[in-house]
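Protein sequences, first through last, are from chains A and B. Going by this note's numbering, the first residue of the first sequence is number 1, and it counts up by one from there. Going by this note's numbering, the first residue of the second sequence is number 86, and it counts up by one from there.
Hints listed in this document are in silico derivations from the structure and should not be mistaken for laboratory results. Errors might be hidden in some of the hints.
Said to hold, decoys possible - Label pairs and their calculated CB-CB ranges: (1) 150(B) - 54(A): 35 to 41 Å; (2) 215(B) - 45(A): 42 to 48 Å; (3) 89(B) - 30(A): 37 to 43 Å; (4) 46(A) - 238(B): 37 to 43 Å.
In this text, a Cβ means the ideal position worked out from N, Cα and C, and glycines have one as well.
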Amino acid sequence: MKKISQLLKTQQYNFSSDFSSTVLCATQAIKDHSPAAKWFILGAAASIGLCIVSTYLLEGQLSIDTFLGTEDLYNDTLIEYNDIH
Amino acid sequence: MLAINKSDFQLIDLAINGDDRAFQLLVERHQRIVATASVNMVGDMDIAQEIGQQTFIRFYKAMGSFKKEAKLSTYLTRIAINLSLNHLKRNQTFANRSLDLSKADKVQTASDSFDNKQVVNMALQMLDDKHRSVVILRMIQGYSTNETAAILEIPKGTVLSRLKRGLDKLKKHLKEDLEYEKN
Numbered sequence: 001m002k003k004i005s006q007l008l009k010t011q012q013y014n015f016s017s018d019f020s021s022t023v024l025c026a027t028q029a030i031k032d033h034s035p036a037a038k039w040f041i042l043g044a045a046a047s048i049g050l051c052i053v054s055t056y057l058l059e060g061q062l063s064i065d066t067f068l069g070t071e072d073l074y075n076d077t078l079i080e081y082n083d084i085h
Numbered sequence: 086m087l088a089i090n091k092s093d094f095q096l097i098d099l100a101i102n103g104d105d106r107a108f109q110l111l112v113e114r115h116q117r118i119v120a121t122a123s124v125n126m127v128g129d130m131d132i133a134q135e136i137g138q139q140t141f142i143r144f145y146k147a148m149g150s151f152k153k154e155a156k157l158s159t160y161l162t163r164i165a166i167n168l169s170l171n172h173l174k175r176n177q178t179f180a181n182r183s184l185d186l187s188k189a190d191k192v193q194t195a196s197d198s199f200d201n202k203q204v205v206n207m208a209l210q211m212l213d214d215k216h217r218s219v220v221i222l223r224m225i226q227g228y229s230t231n232e233t234a235a236i237l238e239i240p241k242g243t244v245l246s247r248l249k250r251g252l253d254k255l256k257k258h259l260k261e262d263l264e265y266e267k268n
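Can you build the whole structure from these sequences, using the hints too?
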């Protein structure tokens with residue numbers, strides 16, 4: 001068992017000499033992409049916010065019907081529509 | 086300017102503030118423990134190198150929230166072991182875990198005893214993942230039972246039982262399968 005312990009202690013490894021440079025390149029890429037991704041998410045959030053505000057200003061309410069553009073449709077209207085067609 | 090004798094925590098602070106050289110120094114300082122953990126876990130230098138990169142990238146992303154009461158080497162070892170275990174789970178066919186000498190040839194050695202290292206590496210690959218991880222942490226990387234338990238998030242008693250079983254199996258493989266004693 002002592003011999004095995006000694007053998008196991010020699011199982012030390014190193015990566016290639018350019019390993020740290022490769023890692024640094026990868027982290028650099030993350031750093032470069034992060035601001036772009038941040039602006040993209042910010043832009044998308046701002047667009048959604050603007051859409052909500054403009055819908056509220058135009059329609060005076062915020063409901064699913066308003067967003068779907070079906071707030072003027074009532075069940076009676078739909079029954080009439082079905083009868084005609 | 087950056088001094089090589091700065092502590093890990095000082096280098097982390099510099100790296101958080103955008104000092105790339107500080108981060109590179111951390112990678113250079115700890116690549117050996119990550120390499121030792123991942124090469125012994127997966128038995129392949131190319132795969133281990135990918136795992137090593139992922140380990141440091143994960144650390145880079147989480148650097149801001151790194152708790153400085155933990156040792157960086159322990160933290161990195163935990164990531165490397167977990168990533169290795171994930172890799173092994175994803176590729177759990179015996180074919181992928183084959184003990185090919187040509188594969189072992191690719192393993193870079195840090196000492197002259199290349200043949201012994203190769204034989205031991207192959208014997209390690211014959212162990213179950215759970216036994217191998219304990220043997221690597223305790224016997225190769227020199228972590229204490231408590232540290233090993235913390236890294237693997239298992240009870241101390243489990244570490245001890247897996248270590249005993251792992252070493253018994255390793256001894257058996259070295260003796261019988263690889264005929265180590267005869268050589």
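Now for the hints, and whether the structure bears them out:
no.: 1; hint: 150(B) - 54(A): 35 to 41 Å; verdict: 38 Å, holds
no.: 2; hint: 215(B) - 45(A): 42 to 48 Å; verdict: 45 Å, holds
no.: 3; hint: 89(B) - 30(A): 37 to 43 Å; verdict: 25 Å, violated
no.: 4; hint: 46(A) - 238(B): 37 to 43 Å; verdict: 42 Å, holds
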